[in-house]
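Chemist: Fit chain B to the supplied structure of chain A, relying on the hints for placement.
Top line first, the protein sequences correspond to chains A and B.
In terms of the working numbering, the first sequence opens at residue 1 and continues consecutively.
In terms of the working numbering, the second sequence opens at residue 1 and continues consecutively.
No wet-lab data here; the hints were simulated from the structure.
There's no promise every hint is true.
Straight-line Cα separation of at most 30 Å, BS3-like style, residue types lysine-lysine; simulated pairs [unchecked claim]: (1) A:K75 <-> B:K7; (2) B:K242 <-> A:K135; (3) A:K187 <-> A:K124; (4) B:K7 <-> A:K187; (5) B:K17 <-> B:K242; (6) A:K124 <-> B:K239; (7) B:K121 <-> B:K45; (8) A:K26 <-> B:K239; (9) A:K228 <-> A:K243; (10) B:K239 <-> B:K17; (11) B:K17 <-> A:K135; (12) A:K228 <-> A:K26; (13) B:K239 <-> B:K158; (14) A:K134 <-> B:K239; (15) B:K17 <-> A:K124; (16) B:K121 <-> A:K135; (17) B:K45 <-> B:K158; (18) B:K80 <-> A:K124; (19) B:K246 <-> A:K135; (20) B:K191 <-> B:K80; (21) A:K75 <-> B:K246; (22) B:K80 <-> B:K239; (23) A:K26 <-> B:K246.
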Amino acid sequence: MDATQQNNILQVDNLNVYYGTVQAVKNVSFHVQQGEIFGLLGPNGAGKTSTLSAIEGLFRQQSGTVTVAGYDTLKDPRYARAAMGVQLQATSFQSELNVVEILDLYASIYGRTLDSTELQLLLKEINLAEAEHKKFGQLSGGQQQRVSLAITTIHDPKLVLLDEPTSGLDPQSRRQLWSRIEGIREKGNGVVLTTHSMEEAEAVCDRISIIDHGVIIATGTPQSLIDKHRNDPEVIAVSRRGKITLEDVFIALTGSAIRD
Amino acid sequence: MAITLPKTSSVLAALLKADYLVLWRNRRASLMALLMPLIIVFFWKGAMPGAFILANAITLGIISIGLMGYANAIARDRDKGVFQRLRVSPLPLWTIMASRLLVQLSLILLLTVLAFIAGYKFDGITMPATSYIITFFISLIGGALCLSLGQAIVGLLKTPETVNSTTRLVYLLFIMTGMLGQFNYFGHEFKVIVEWAPYGTLKTILAAGLDPARWDNHVSESLLMAIGYTVIFSIIGIKWFKWSVK
Chain A
1 MDATQQNNIL QVDNLNVYYG TVQAVKNVSF HVQQGEIFGL LGPNGAGKTS
51 TLSAIEGLFR QQSGTVTVAG YDTLKDPRYA RAAMGVQLQA TSFQSELNVV
101 EILDLYASIY GRTLDSTELQ LLLKEINLAE AEHKKFGQLS GGQQQRVSLA
151 ITTIHDPKLV LLDEPTSGLD PQSRRQLWSR IEGIREKGNG VVLTTHSMEE
201 AEAVCDRISI IDHGVIIATG TPQSLIDKHR NDPEVIAVSR RGKITLEDVF
251 IALTGSAIRD
Chain B
1 MAITLPKTSS VLAALLKADY LVLWRNRRAS LMALLMPLII VFFWKGAMPG
51 AFILANAITL GIISIGLMGY ANAIARDRDK GVFQRLRVSP LPLWTIMASR
101 LLVQLSLILL LTVLAFIAGY KFDGITMPAT SYIITFFISL IGGALCLSLG
151 QAIVGLLKTP ETVNSTTRLV YLLFIMTGML GQFNYFGHEF KVIVEWAPYG
201 TLKTILAAGL DPARWDNHVS ESLLMAIGYT VIFSIIGIKW FKWSVK
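Chain A extracted, bound-state conformation (with noise of 0.2 Å):
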């Protein structure tokens, strides 16, 4: 592992998954570093979430490497997963618990013990300080986005993975998510996230990859997309409002096709 490499909150090399004998994600390679938010971006099916699965240790992947905060997923999995913190697309906690149970016992999943103070401190962070003896069955959908926001973060992960993290989120829910996860990167940890919102991924990514059919076929910062593909045909055609944005060179390299 060289200088670079040792900097690198996650590594994955020539990662492979196969569904029987659908190959979701090809030659897959990227890497985040500390203290940096990397956006996966790409149409329905695309291998996004195929790709943190496989990081998440949810797929077991044909081949290639992932590496996490120096931990093989594969050869060390427990540690690479306690060292990372995932808010997954489709997820839930038992819906008999109350929210300050369900935090009790996911602290105590990650070695934590929340005393009282730091239990109300990361309820009001979360403004669910009014709602903690409410069943999570109970909550509305934007606060229990919240409390998997706050059981992502409740180790101070090293790596924390996002799939689709603003989903249905309300725009006030969505700014303070927002400033949660540049709290994360300000701490020197790494943010991995996947989005539909290309305006987000502009705003907040410092470096996004475009996957499709489970190939990344550009990576870079949003800036450096915009102005390599700026003068692309397909992304002018694309163009609907005068400057390019990152949409544009996002529906141009990914074409414009509904995808299921």
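Modeler: Just chain B now, kept in the frame of chain A:
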């Protein structure tokens, strides 16, 4: 970057606490499983030998807990994504299921105690201390058999709805064939089949546990059969089990 893993014992304790809380909050469902054996003891009092009544009552309760309680809870949590969230944390995967199984086994032990109390109160059934101890162990073996059957069902079926309807159907089949078959209503061959089916083997070993003087080769063979069923159902339930159905 040194990472410290949480202690497995602390993780298991946290999971157990959460699973007991869920059990307590769903106590109406558990109450139904606990009430059924008591109803049997109450209505059969005096009509059958004490060991026979208690064996049937405990068998039905164990089947109810293993099938409807365990399998349905697993299917529901799997569908919601509860397991996926746990799987991305650093806990050893076996602790997730171990916690669920321990909670159900403790419910089975509670059921056994309640059946003993009901037997004494309603029918004056008393036994030597060794019978109580042996029955506790056999309840655990029976619990393992029914929980493994529940595991096999959630391994083979995916949606909570199909798991729910299948467990109800299997439960009903067990009651109908088990209780009617043993009275020779459907002929000798059917009675033999029922005797060696999971319900029959479980009832046989429980009855012998309650009255150890009756322990013979047939009971030992039933015990082996029950263990065999447990192994087969466990293999099916583990091999085909998916943590997520999405």
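Chemist: Give a verdict on every hint.
Modeler: Hint check results:
no., hint, verdict
1, A:K75 <-> B:K7, "holds, 19 Å"
2, B:K242 <-> A:K135, "holds, 27 Å"
3, A:K187 <-> A:K124, "holds, 20 Å"
4, B:K7 <-> A:K187, "holds, 26 Å"
5, B:K17 <-> B:K242, "holds, 24 Å"
6, A:K124 <-> B:K239, "violated, 44 Å"
7, B:K121 <-> B:K45, "holds, 10 Å"
8, A:K26 <-> B:K239, "holds, 28 Å"
9, A:K228 <-> A:K243, "holds, 14 Å"
10, B:K239 <-> B:K17, "holds, 28 Å"
11, B:K17 <-> A:K135, "holds, 16 Å"
12, A:K228 <-> A:K26, "holds, 24 Å"
13, B:K239 <-> B:K158, "holds, 14 Å"
14, A:K134 <-> B:K239, "violated, 37 Å"
15, B:K17 <-> A:K124, "holds, 25 Å"
16, B:K121 <-> A:K135, "violated, 39 Å"
17, B:K45 <-> B:K158, "violated, 41 Å"
18, B:K80 <-> A:K124, "holds, 27 Å"
19, B:K246 <-> A:K135, "holds, 25 Å"
20, B:K191 <-> B:K80, "violated, 42 Å"
21, A:K75 <-> B:K246, "holds, 26 Å"
22, B:K80 <-> B:K239, "holds, 21 Å"
23, A:K26 <-> B:K246, "holds, 22 Å"
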